Amino acid sequence: MTETETNDTVGLGARVRQFYAVQMRLLDSGEAEAWADTFTEDAVFEANAHKQPTRGRRAIAAAARAAAAELRAAGTTRRHWLGMCDVAPEEDGTVRVYSYALIIETPAGGPSVVRMSTTCEDLLVDDGGLRVRHRIVARDDIVP
Amino acid sequence: MTETETNDTVGLGARVRQFYAVQMRLLDSGEAEAWADTFTEDAVFEANAHKQPTRGRRAIAAAARAAAAELRAAGTTRRHWLGMCDVAPEEDGTVRVYSYALIIETPAGGPSVVRMSTTCEDLLVDDGGLRVRHRIVARDDIVP
Amino acid sequence: MTETETNDTVGLGARVRQFYAVQMRLLDSGEAEAWADTFTEDAVFEANAHKQPTRGRRAIAAAARAAAAELRAAGTTRRHWLGMCDVAPEEDGTVRVYSYALIIETPAGGPSVVRMSTTCEDLLVDDGGLRVRHRIVARDDIVP
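So the sequences go chain by chain: B, L and D. Take the first sequence: its letters are residues 1 to 144, numbered as in the numbering used here. Take the second sequence: its letters are residues 1001 to 1144, numbered as in the numbering used here. Take the third sequence: its letters are residues 2001 to 2144, numbered as in the numbering used here.
The hints are simulated quantities; they were obtained by calculation from the structure and are not laboratory data. Here the structure is a predicted model, which is why all the values come from computation and not from measurement. Among these hints, one or two may not hold up.
As the list claims (entries may be wrong) - Listed next, with one range per pair, are the computed distances between beta-carbon atoms:
no., chain 1, residue 1, chain 2, residue 2, range
1, B, K51, L, E1090, 43 to 51 Å
2, B, E90, L, E1041, 45 to 53 Å
3, D, E2031, B, E90, 19 to 27 Å
4, D, E2121, L, I1142, 31 to 39 Å
5, B, T76, D, E2091, 44 to 52 Å
6, D, E2070, B, E41, 42 to 50 Å
7, D, E2090, B, A88, 24 to 32 Å
8, L, I1142, D, E2033, 45 to 53 Å
9, L, E1070, D, D2042, 38 to 46 Å
10, L, E1041, D, A2034, 46 to 54 Å
11, D, E2091, L, A1049, 42 to 50 Å
12, B, A62, D, R2115, 31 to 39 Å
By construction, the Cβ of each residue, glycine as well, lies at the ideal position given by its N, Cα and C atoms.
Bound-form chain B, shown alone (with noise of 0.2 Å):
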């Protein structure tokens, strides 16, 4: 094993993976309340889609409330599927996390469409439960 391959790290892989499972369930589901509550307090969530980052978790739930809205006027369900996670824990207790996003929408009716392709760049914090303190989100169609 590399140093990267310890037992924690594999446990803490399979950790990650179960917090995405649930916290991207939250978004899909429209609980925006517990959605927000899986990142801290003091979040900073960027995207390349948007000008200015969402700074804390009011903000947050605030985004998330309003997506949901439009989504459920439109019939729409939206799945985010996150994966191939790099997992690269810090040596202050903190975990990076380089993954890929996937969105596929679904009208009543169908058909099931990719909506839309992202990278996700997490830093984890890890008291008691893993939380967001700072998400990077890159859309792959809008090029620098």
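Mind docking chains L and D on chain B? Use the hints.
Below, chains L and D alone, put in the same frame as chain B:
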């Protein structure tokens, strides 16, 4: 670690992912009997696309045989991707898994398309190996 | 637990997933030399789309450089998702992994599409870190 992040749970998550990789490959390869053997003898398979649940291993095998024959006749390859697994062990030793599934279809000559997006809720039992006792599949394109 | 579900196997599954996350990101970032370094010096890369296998790390790097140049020229972002990993350790310390892969492509301005669905069969060796000794990729759109 929270209560849902014990070492046992971490190992369980890896076992569940391995189980689904094998199970879905059996289905996609048209190995109907081996696929049915990943369910308990008395398993129940519910789907929002079907009026009645499929009950028992024999009926589950028959349904898989019919689907495989149809795909073979059409010259279509189907791949089930099951992911974003939220793994929740129950006190009685069973395991609840909430997941997303994508069905990717490729006709001879292509192109590949997302044929369907679903959720999947499984009740797994663990008698030496994992098996599905109860599965509920809900297609995203079918609105209640 | 069955024989294939020992703790070692569980940890191995997590290592394999971490390996693929890093490996595929190298390919998708156009880092051809680092990508080739995830194969053994004498690795063989077979594909049902190619008449001849690609042999050796140098040839694997060259192929990746050519593909990256083509994508850059076209302004297309490619993401390799490798998943549904069935991880089977062999008695000699090597590891067989049977997986599915999806290639998602996004041109500048979008939209993202499923470009290809394949299977992947790897023989991994473990000399301090995992490396691919033999890979067989089969596109689903190419019928034998």
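A quick look at each hint next to the structure:
no., hint, verdict
1, B:K51 to L:E1090: 43 to 51 Å, "46 Å, holds"
2, B:E90 to L:E1041: 45 to 53 Å, "49 Å, holds"
3, D:E2031 to B:E90: 19 to 27 Å, "22 Å, holds"
4, D:E2121 to L:I1142: 31 to 39 Å, "35 Å, holds"
5, B:T76 to D:E2091: 44 to 52 Å, "50 Å, holds"
6, D:E2070 to B:E41: 42 to 50 Å, "46 Å, holds"
7, D:E2090 to B:A88: 24 to 32 Å, "29 Å, holds"
8, L:I1142 to D:E2033: 45 to 53 Å, "48 Å, holds"
9, L:E1070 to D:D2042: 38 to 46 Å, "43 Å, holds"
10, L:E1041 to D:A2034: 46 to 54 Å, "50 Å, holds"
11, D:E2091 to L:A1049: 42 to 50 Å, "44 Å, holds"
12, B:A62 to D:R2115: 31 to 39 Å, "36 Å, holds"
The structure meets every hint from the earlier list without exception.
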